[in-house]
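S.K.: Could you build the full structure based on these sequences and the hints that come with them?
Now for the letters of each chain:
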Amino acid sequence: MQFTAKEISLLLNGDLEGNPDVKVHQLAKIEEAQEGSLSFLANPKYEAFLYTTNASVVIVNQDLIIDKPISATIIRVKDAYSSFSILLDKYNSIKLDKKGIEELSFIHPKAKIGKDVYIGAFAYIAAGAVIGDGSKIYPHCYVGDDVKIGRQSTLHSGVKIYHDCVIGNRVTLHSSTVIGSDGFGFAPQANGEYTKVSQIGNVIIEDDVEIGANTCIDRATMGSTVIKKGVKLDNLIQIAHNAEIGQNTVIASQTGVSGSAKIGESSIIGGQVGIVGHITLAKGTQIQAKSGINKSIEEEGKKWGGAPATSYQNYMRSQVIIQRLPEMERKIEDLQKALAALLENSVQKK
Amino acid sequence: MQFTAKEISLLLNGDLEGNPDVKVHQLAKIEEAQEGSLSFLANPKYEAFLYTTNASVVIVNQDLIIDKPISATIIRVKDAYSSFSILLDKYNSIKLDKKGIEELSFIHPKAKIGKDVYIGAFAYIAAGAVIGDGSKIYPHCYVGDDVKIGRQSTLHSGVKIYHDCVIGNRVTLHSSTVIGSDGFGFAPQANGEYTKVSQIGNVIIEDDVEIGANTCIDRATMGSTVIKKGVKLDNLIQIAHNAEIGQNTVIASQTGVSGSAKIGESSIIGGQVGIVGHITLAKGTQIQAKSGINKSIEEEGKKWGGAPATSYQNYMRSQVIIQRLPEMERKIEDLQKALAALLENSVQKK
Amino acid sequence: MQFTAKEISLLLNGDLEGNPDVKVHQLAKIEEAQEGSLSFLANPKYEAFLYTTNASVVIVNQDLIIDKPISATIIRVKDAYSSFSILLDKYNSIKLDKKGIEELSFIHPKAKIGKDVYIGAFAYIAAGAVIGDGSKIYPHCYVGDDVKIGRQSTLHSGVKIYHDCVIGNRVTLHSSTVIGSDGFGFAPQANGEYTKVSQIGNVIIEDDVEIGANTCIDRATMGSTVIKKGVKLDNLIQIAHNAEIGQNTVIASQTGVSGSAKIGESSIIGGQVGIVGHITLAKGTQIQAKSGINKSIEEEGKKWGGAPATSYQNYMRSQVIIQRLPEMERKIEDLQKALAALLENSVQKK
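Protein chains in written order, with this note's numbering: chain A, 1 to 350; chain B, 1 to 350; chain C, 1 to 350.
Any copy, or any two copies together, can satisfy a pair, since identical chains are not distinguished.
Computed cross-link-like contacts, BS3-like style, restricted to lysine-lysine with a CA-CA straight-line distance of at most 27 angstroms:
#1 283 <-> 303
#2 228 <-> 29
#3 110 <-> 98
#4 98 <-> 112
#5 196 <-> 45
#6 196 <-> 90
#7 303 <-> 228
#8 196 <-> 229
#9 115 <-> 196
#10 29 <-> 229
#11 148 <-> 29
#12 90 <-> 110
#13 228 <-> 148
#14 98 <-> 23
#15 196 <-> 303
#16 95 <-> 23
#17 45 <-> 29
Calculated directly from the structure, the hints in this document are not laboratory data. Quick caveat: nothing in here was measured; it's all calculated off a predicted structure.
M.R.: Now the structure itself:
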């Protein structure tokens, strides 16, 4: 893809200064940009780069004062950062504009495929599955029996969705993520063996959810594991059977949520956190990376840390003191000696 | 699938009360059941729901006393929970009853395929591989050269098994789990580079093992990494080269077992645990989630927690005290002041 | 594969003692070897096994003194361990010598495929992708638009590489690893929703890198996430957008590196470690398993442990003291009582 400065300026409704015919073919940070790059300047901290950058075109804020000669063509807009974000989105939507059904795909005769859908080679759409309009199913995806996928959703290469799961509109699932595998349910027997508890529920993923790569969301034993509207999950996350993740909650990589746990809406959970089963976390809960949450949190909008977790302030204070433990131990010893000396002294005096 | 109350009653050898012709097409919890659902009541705590449920059919214990009018058809059985479990299993075995070899699969002429096998489209069965009778290989599975898979085993979509690995009977592997990737073995060189140590062993998975999604089990450097009979592993677990997991041991999600570690039989290991290499854990060891185990455990049947781990009691006590550390520090300071005052006082008296 | 003792002796330029015609078909440890096995003895600790092993051929050091009768054929070489390693590599290179393009693969007409390449069935090579000479792309790999892969690299079954990523020479990627999925970037909105920040950068993996199974390396927001030459990553690792892993650094399983973190060269990082974003770790940094690193490390070549991490020595000392906390608390109580008694006593005396 290649565009002239003039074309970009028209697209952004900006004011152009410099050569309108210079061409750009990539987007780059102002400090790393090469010739042929389009860049932007929004943060005043980076202003010095404007005079040294190799970018061919730079988008800047309307009121920026340029007081030295520059080589790049300038496009002035109301908000340089937003304008650049628009271009990022545009770039990606052109770059990732896949359409049509590739020949080596498998679509069961009893599957229903919407309009303007992309289905890559080696994708497997099972009986009873429904793919909504404008959705993209990349190669090697598995869409099991009776799975419903809404409109404008994207399954990147290698996503696996087990039978009966429901995926909303504008959902993005990254590669090798698994939706609807069996919950980890086994009943211990007298002879030490375990027998499997059949997992006949499903997973429901609501609209506008994005889930990273190699994440696992297990199906419910009965009923549904639910990922509510607007949730964002990172890579390598474990969501166990019958869990529920509240609307607009964000969870970082490698965190695990155990069975039947309910995370309140608008929560922010760091990476490598562990959350035990059958507890409820209040709306707006924030959890420090690596924490372990072993009981319900009822107060809304609070920060927690540690394993087991306490309030974030307590956690931070305890962490600092842990590093002073050797010193504390020494102080206790000193006290013991001083007291012993004092006692001996007072005994001798008698 | 749709059944009448009468058909279910006959299947469970139960006594029917109410309309025998009412039809059900799904299984549900009594508190969530809609019309057309089959449910059960085993726990007396849920008895009130019997009179309000929308379920069309409810399975109950033989001796249950029903003292108010109810709308659902009742089936009385000896043990309502067991009967319902039987139906869950039945439901799943019908639902997941895949058979036959789909056209777009790859089966090497030198592979051997048993009777009543399912091989999905885009499954790859390499030279020398053996698939036992009644096993199911879902789409996108990779069964490498000379891999042996026993009878009645299921590989869900996207399971990858490297060459020479051996899988037993009635084994279930969930999506995108990887069996037999190279162990993490590299020899440091004088110039700071690492050279790979060839990993020529394999993985052996014995009968009745279930392994979750996106789990990794590395092949041995030489010999075998072994997952013994009846082991249940959750999602996103790491089992390193030459490790051995003892019979009927259960491991929760995101735990890592390092190279050549041996976990005793009938152990229960929580999520996000780390176990260092070359150690042995005794039979029946129980490990708290998030713990780090850095040395062998010789005593059987004990509980451990913390990182590094101590006995569970010690761990719990230390965790409580950590939260009192700020208070402890204050007490030490108070003692120091009091003692200083006392000493000064006694000096002054002299 | 089957070889005679004589053939192996010639290959290793060794001196043979015993039957030159005995045949071996597998490699095994001396203590586990069966008839038909080739083994080696390098460590004197294992010398006793030489007289009891069932191996048919054993490679030993030139100067080994054999003072009892043995059944195996002996091959004397300068360095038994190195010679055996050579055979391991040889074995694997024969075992894994895949070549040619299998029929059911998808190669876009605009992709460029080098010489002596293996492309398995169900592999997908997108438009603009380049596969270098001698590289192996196993079944179910996805090589996205414009991806470049160098020479002699191996992508095991199910590797997914998103568009525009660059893979060097002699790189090995294990099954279901995902390269170039979107970085976890979302901008919070006033109404509590998050909007996606388009991720238009890529991932660059330099030469001689090996990456385990089910690992995730996210593409940069802009610019590149970079895995430098010679890096070795284990299974289930998370590398976030714009991170940089220094040359010859080794990272164990289940560790997470957050966005824009830079790990110095020749570092050694244990398993289940978490590293926060936007920090820099000095060259040669060593981090204990399960640690949490929350600030930059400037001093080179030091060991760290704990969460949050301190120097390894401090960490180890604190860990020991944590286990003595109950005892410390008791001592403080004793001091308080003793002091109280003392004070009361001194008051009474007045």
